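For reference, the chains in residue letters:
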Amino acid sequence: MKVNDIAEKIGLAVTVAGDLQKKVTDCYISDLLSDVMAHSKEGALWVTLQTHPNTVAVAVIKGISGIVITNGRQPEPETIKKAEAEQVTIMTSPQTTFEIAGQVYQILRKS
Amino acid sequence: MKRCIADLHIHTCLSPCAEVDMTPRRIVEKARAQGLDIIALSDHNSAENIQLALDLAKEENITVLPAMEVTSREEAHVLALFRSAESATAMQEIVYRALPAGVHDEQAVGYQLIVNERDEIMEFNKRLLFSATGLTAREIIDAIHALGGLAIACHIDREHFSVVSQLGFISDDLSFDALEISRATGMDRARSLFSAYASFPWITSSDAHQLADIGSRTTAFFLNEPSFEEIALAFKGERKIEWNQG
Chain A
2 MKVNDIAEKI GLAVTVAGDL QKKVTDCYIS DLLSDVMAHS KEGALWVTLQ
52 THPNTVAVAV IKGISGIVIT NGRQPEPETI KKAEAEQVTI MTSPQTTFEI
102 AGQVYQILRK S
Chain B
3 MKRCIADLHI HTCLSPCAEV DMTPRRIVEK ARAQGLDIIA LSDHNSAENI
53 QLALDLAKEE NITVLPAMEV TSREEAHVLA LFRSAESATA MQEIVYRALP
103 AGVHDEQAVG YQLIVNERDE IMEFNKRLLF SATGLTAREI IDAIHALGGL
153 AIACHIDREH FSVVSQLGFI SDDLSFDALE ISRATGMDRA RSLFSAYASF
203 PWITSSDAHQ LADIGSRTTA FFLNEPSFEE IALAFKGERK IEWNQG
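Protein sequences, first through last, are from chains A and B.
Heads up: the first sequence is residues 2 to 112, going by this note's numbering.
Heads up: the second sequence is residues 3 to 248, going by this note's numbering.
Bear in mind the hints are in silico, worked out from the structure with no lab data behind them.
Among the clues, some could well be false.
[What the hints assert, rightly or not] Estimated spans, in silico, between C-beta atoms of each pair:
1) B/H147 to A/S112: 42 to 52 angstroms
2) B/A103 to A/L109: 34 to 44 angstroms
3) A/T97 to B/E31: 41 to 51 angstroms
4) B/N246 to A/G73: 39 to 49 angstroms
5) B/L195 to A/T26: 23 to 33 angstroms
Model, not experiment: these values are computed from the prediction.
Cβ coordinates follow ideal geometry from the N, Cα and C atoms, glycine included.
Excised from the complex, chain A in its bound form (with noise of 0.2 angstroms):
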């Protein structure tokens, strides 16, 4: 399952378009940013609330596969900048991070 796959299911917007043919191989959500540091893994997908521009540092330090900013939150102007300079892809949605995973569980048990 490749993120741009998961972002047309889901119906999620695209703010930076990083690398959509990227593997989501497993998701997280968490918005402390230590704690993804801490447990996230290589290829996840990221849900969060959290719209500053220290995700896309650790979205590169842990390899993320792609961030998503949920219940219509949007990524700060800073945010996207560094995003589009480290190819990081951030999607938006205005679901809640419950209605997101729900489904991005149902997507990667079935890939």
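Since the structure of chain A is provided, determine the placement of chain B on it from the hints.
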């Protein structure tokens, strides 16, 4: 130079998590008894007990700095120190506009008391002071600086409500004047945990929520006088800073 003992992070009874006997009068008296030279009263997202504390400080031989512990939208706590009550009040206006609407539940969360010099309750603050504001950490730091204040990253060693726990690390866009280490962590351990931030001035403070904790952790500043300006110079590296671990 005078060695000034400072506890720059103390909550009053205006913070819902603080004990109700944390009135400005009792805090100032306790701080004097502890031999402190400088204290900062830093309530969550409010400064409504500050003026009283400043008035009381004139009677006692102690310097009180107006302060506030502001919660960012990332739920990181930023300690703001100000030169005057006016600046703190101006910050409070920015913060109040950025707090969510709603009425504080004092039964569930705790009382938010504005008191007078006789420790009488003048008002129950009904705002959601314990909530996160809509302001990013950066917006808060910039607002503090625009008002001539100092911005300190609160208790960066803690696993919640710290800029490090919430945002993973302190990025270059966050122009903090100093970092605070909580009572939970000793200097040696802090030095090894946060070696990446060695270039920042570090302070440590009690984050007292009850009278007994006031002065339990302090920072010593070597200053010409116990004032906001001298602490600002210390953060610029022009005055010496030392920890007191109690």
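Hints, one by one, checked against the model:
1. Our hint of 42 to 52 angstroms for B/H147 and A/S112 holds, since their Cβ atoms are close to 49 angstroms apart.
2. For B/A103 paired with A/L109, a C-beta distance near 38 angstroms keeps the hint of 34 to 44 angstroms intact.
3. Look at A/T97 against B/E31: about 49 angstroms separates their beta carbons, and that is inside 41 to 51 angstroms.
4. A C-beta distance of roughly 47 angstroms is found between B/N246 and A/G73, which places it inside the suggested range of 39 to 49 angstroms.
5. For the pair B/L195 and A/T26, the supplied restraint of 23 to 33 angstroms holds, since their beta-carbon distance comes to about 31 angstroms.
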